[in-house]
Amino acid sequence: MSTWNLGSVERIALGEGRTFRAGELEVAVFRTRAGELFATQAQCPHGQGPLADGIVGAARVVCPLHAYTFDLRTGCVTQGACDTLRTYPVEVSSTGEVILHV
Amino acid sequence: MKKKLVVIGNGMAGARLVEELLLRGGKERFDIVMFGDEPYGNYNRILLSNVLAGAHDPKDIFINPLRWYEENNITLHAGVRVVAVDRHAKIVRGDNGGVEPYDDVVFALGSSAFVPRMEGTAQEGVFVFRTLDDCDSILKYIPGRKTAAVIGGGLLGLEAARGLLQRGMNVHVVHLMNHLMELQLDRTAGGILQRTLLQMGLRIHLEKATCEILGQDGAVTGLRFQDGGTLDCDMVVVSAGIRPNTQLAREAGLTVARGIVVGDDLASPDDPHVFAIGECSEHAGKTYGLVAPLWDQARVLAERLSARKPGATYHGSRVATKLKVMGVDLAVMGEREASTENDEEVTYAEAKRGVYKKVIVRDGRIVGAILLGDPEAAPGLVQSFDRGAEVPENRAELLFRLDGGDGRAAASLESLPDEAQICNCNGISKGDILRAVRGGARSLKVLCESTRAGTGCGTCKGDVGALLELAAGDAVVEDPSVHYYVPGVPLPKPELVEEIRARGLTSVSAVFRELAGGKEDTASKPGLASLLKTLWGKEYVDERDARFINDRVHANIQRDATFSVIPRIYGGVTSADQLRKIANAADKYGAKMVKITGGQRIDLLGIKKEDLPHVWRDLDMPSGHAYSKAFRTCKTCVGTDFCRYGVGDSTGLGIAIEERFQGIESPHKMKLATAGCPRNCSEATTKDIGAVATSGGTWEIYVGGAAGSRVRKGDILCTVDSHDSVLRYMGRFMQYYRENAKYLERTYDFVERVGIEEVRKVVVDDVEGIGARLDADIEASVQAYADPWKEVPHVTQFSEKLEPLEPVLARASGE
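Those protein sequences? They're chains A and B, same order as listed. Each residue of the first sequence is one higher than the last, beginning at 1 in full-length UniProt numbering. Each residue of the second sequence is one higher than the last, beginning at 1 in full-length UniProt numbering.
You may find that some hints are simply not true.
Unchecked claim - Pairs of lysine to aspartate or glutamate residues, derived as EDC-like cross-links and limited to a Cα-Cα distance of at most 20 angstroms, are as follows:
1. B/608 <-> A/71
2. B/59 <-> A/83
3. B/140 <-> A/83
4. B/59 <-> A/71
Claimed, not checked - Chain B residues, not near chain A, derived (Cβ > 12 angstroms throughout):
5. 57
6. 86
7. 117
8. 139
9. 142
10. 328
11. 355
12. 483
13. 514
14. 519
15. 538
16. 557
17. 722
18. 760
Don't read these hints as lab results, they were simulated from the structure. Just so you know, even glycine gets a beta-carbon here, dropped at the ideal spot from N, CA and C.
Construct all of the structure, not just a fragment, from the sequences and the given hints.
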């Protein structure tokens, strides 16, 4: 496991997601309106849709390509037939920076 | 002392038998043990094509989840294949080494996909289509692949083709016979069905025997036919028929012909403790591949085993079935062709509309029928067929509803016996539905959910609704959510608008907070954003996360996650200078395709997301809004500028329309056109709004036209005599539509729902006295418009992906 500093939490717009590259790995990091942070694999397992471009609501994300919907907490698909997303631990450091563990 | 019943097979037949047995107190009589190959509860195989098409979630097709087995004390060996039945020792052996003794055993093994002999079937990308796992494997293989071939043009093959088509594939159906679905349809019906399917985009190859699946590096690349021809494809689904699963029965020493032979008692002639039902069985020389016979057999066997009616017997099923083939309504029953000299065939064919009806009458009674494209005639015919009722003297009454009234459908449902099957997909009878209504299911939604009726292909939903009305009368409760503007806020549009205005809710999060108990709903966000912008104009508080990605980045996301960019070219009239700018941007940003669109604009496809702001800057043209639910383009012909026939300046009008209404949000996209004469070269009568010049110097304004997923000629809203008047009535109609349509309701659905007379009364005759207000509101929206490509880019969307940072070795929290 490696740890990455993604910088200030403000780099992820409130209620949206953003793709980061950690080494070879692409990770989508989401910041919900309730202030929670989640990190998952960047592409939808179904058609490789960019999940960070999806619509986020509560703790769910809807893939922009075909509307497969995932629970950000577990990575489980809640609408559609699709594999579970890999999720990664993510937290905010005492200095306000986003720390990702992959 | 309870006896032990072992059911081998946990599919539609096995599980249905156990359900029927439980209903008849079977639990007191038997300890029930079931074996299922697949590691799931049992599911509705009929709906697999919907799963493939993405219309159903796999979890929605489960009939009984694993919990159901537990609750009913049924031992289920899920994922265990039975390898032997020892009739002398009366035991069943599983492939996990387990052994179950039995007093009675039921074979409900179903059938398997039949794969005709051909080379190359072992390659990657060759599938059958029979189980949930098959479906899953197919879905996993689709990404990145374009063309699929389905071998087999029977019901299941066409269902698979529909699924693939809906997943965006190019789909070829390869069929051995000279018409589609030859088991159910005669040649004429097959031809009409083919024509309908071609129009849906399917490619069909008849009389083609596949002898080899071609491949490269172990993966499919195409098919080779016996006639020497080939077809390129990336994947193959073989759906060439089914074979009853009989191996286990053969090995147990039971008589097997095509299926496991059973008598009227559904027991094997070799052993009174061995039964067989469903697709693996053969009764009176017949095997069945449809659900209705299986329901009959399960019921009869349950009556025998439960000893409710120990003498119950099965006498074969008259197969009348409603099928939903790719959205085409089809009902078939009994025989397909006249077979005796005295048989009468009554037929009606209308190929263009995809309608074909044929009834075969013998001795004054229906012995067979095919009904394609006319779902309304089906229930009456099925009923006459089932009951062997005498047909009317005027045979036309069989095919057409000559009374013209709707009363007959309800009346015929009323007279149906309780056992009559209403939902074929789930095997739900009229009695089941009536019981659920009496048990308190008073809305269509609750009724469908509790009985599962109507949750399959959906063709019976009208009948279920009619039964609900029959049984509950005034007590029918309409499910309120069908009237909600968006699913996550429990208010119909007028009430929602009232609350938003009264409480001054100017942002999407405020609406969730105040009107939905703080619960965010992703599906509701774009609809609310659109409504709020329509209602508040400049006061609207824009929250980017409420927008779909297209509206966050003002471009259209494509299947490979790049974007397409369409600059606005007013009225489709451009210049060399604009073309140069577009060409330069295409080069500089590596557009993968430059395409003239159906709206006469130029689309730069394959632009990387992070390049979008640079593309706009370089283009220095306004946004063409190919992405929003908004006014898109106004297609034009050359009108009086150059055309010999033009009688009105359609180009000038189109430009004026586009300049005025650019970017106006609405419940759905609006595509417009103007035509300079009734030759209508710009197809203005099939647009959301269109204007056609007539020789009298006037313009006819059409609304509610469509030429997309369906085709509809627009209705004339009014005829006016100047460009200004066209702009005024178009704007007034737009505003009326914006205020009253449901989210994602196109103008053509809206106009049909409201009625053109009603629209005309409000928009043209101004009977409600709101004309001036509508004019003012659309004007305010026009004034509030700002070109999104001129906005400061949304930095957190467009900043480039981070380069790898130095890993932080110790966790920041100090753990």
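Results of checking the hints against the structure:
1. The hinted pair formed by residue 608 of chain B and residue 71 of chain A fails the criterion: a straight-line CA distance of about 28 angstroms is larger than 20 angstroms.
2. Between residue 59 of chain B and residue 83 of chain A the alpha-carbon distance is near 13 angstroms, which keeps this suggested pair within the 20 angstroms criterion.
3. The straight-line distance between the Cα atoms of residue 140 of chain B and residue 83 of chain A is roughly 9 angstroms, inside the 20 angstroms bound, and the hint therefore holds.
4. As the CA atoms of residue 59 of chain B and residue 71 of chain A are separated by approximately 16 angstroms, the hinted pair is consistent with the 20 angstroms bound.
5. Separation of residue 57 of chain B from chain A is inadequate, the least Cβ-Cβ distance of about 6 angstroms not exceeding the 12 angstroms criterion.
6. For residue 86 of chain B, the non-interface assignment is confirmed: its Cβ lies about 39 angstroms from the closest Cβ of chain A, beyond the 12 angstroms cut-off.
7. Residue 117 of chain B, annotated as away from the interface, keeps every beta carbon of chain A farther than 12 angstroms; the closest lies near 32 angstroms.
8. The Cβ of residue 139 of chain B does not lie farther than 12 angstroms from every Cβ of chain A; its closest approach is about 6 angstroms, which violates its non-interface assignment.
9. Distance check for residue 142 of chain B against chain A: the nearest CB is about 8 angstroms away, which does not clear 12 angstroms, and the non-interface claim fails.
10. No Cβ of chain A comes within 12 angstroms of the Cβ of residue 328 of chain B; the nearest lies about 24 angstroms off, and the non-interface call holds.
11. Every CB of chain A is more than 12 angstroms from the CB of residue 355 of chain B (nearest about 33 angstroms), matching its label as outside the interface.
12. Even its closest Cβ contact with chain A, about 22 angstroms, leaves residue 483 of chain B beyond 12 angstroms, as expected for a residue assigned away from the interface.
13. With a closest Cβ-Cβ approach of about 15 angstroms to chain A, residue 514 of chain B is found to remain outside the 12 angstroms limit, as its non-interface label requires.
14. Not every CB of chain A lies more than 12 angstroms from the CB of residue 519 of chain B, the least distance being 7 angstroms, so the non-interface label is violated.
15. Listed as a non-interface residue, residue 538 of chain B keeps its Cβ farther than 12 angstroms from every Cβ of chain A; the least gap is roughly 22 angstroms.
16. The claim that residue 557 of chain B is not at the interface with chain A is violated, since a C-beta of that chain comes within 12 angstroms of its own (minimum 5 angstroms).
17. The beta carbon of residue 722 of chain B is kept farther than 12 angstroms from every beta carbon of chain A, the shortest such distance being approximately 43 angstroms.
18. Under the 12 angstroms C-beta cut-off, the non-interface status given to residue 760 of chain B relative to chain A holds; the minimum distance is some 37 angstroms.
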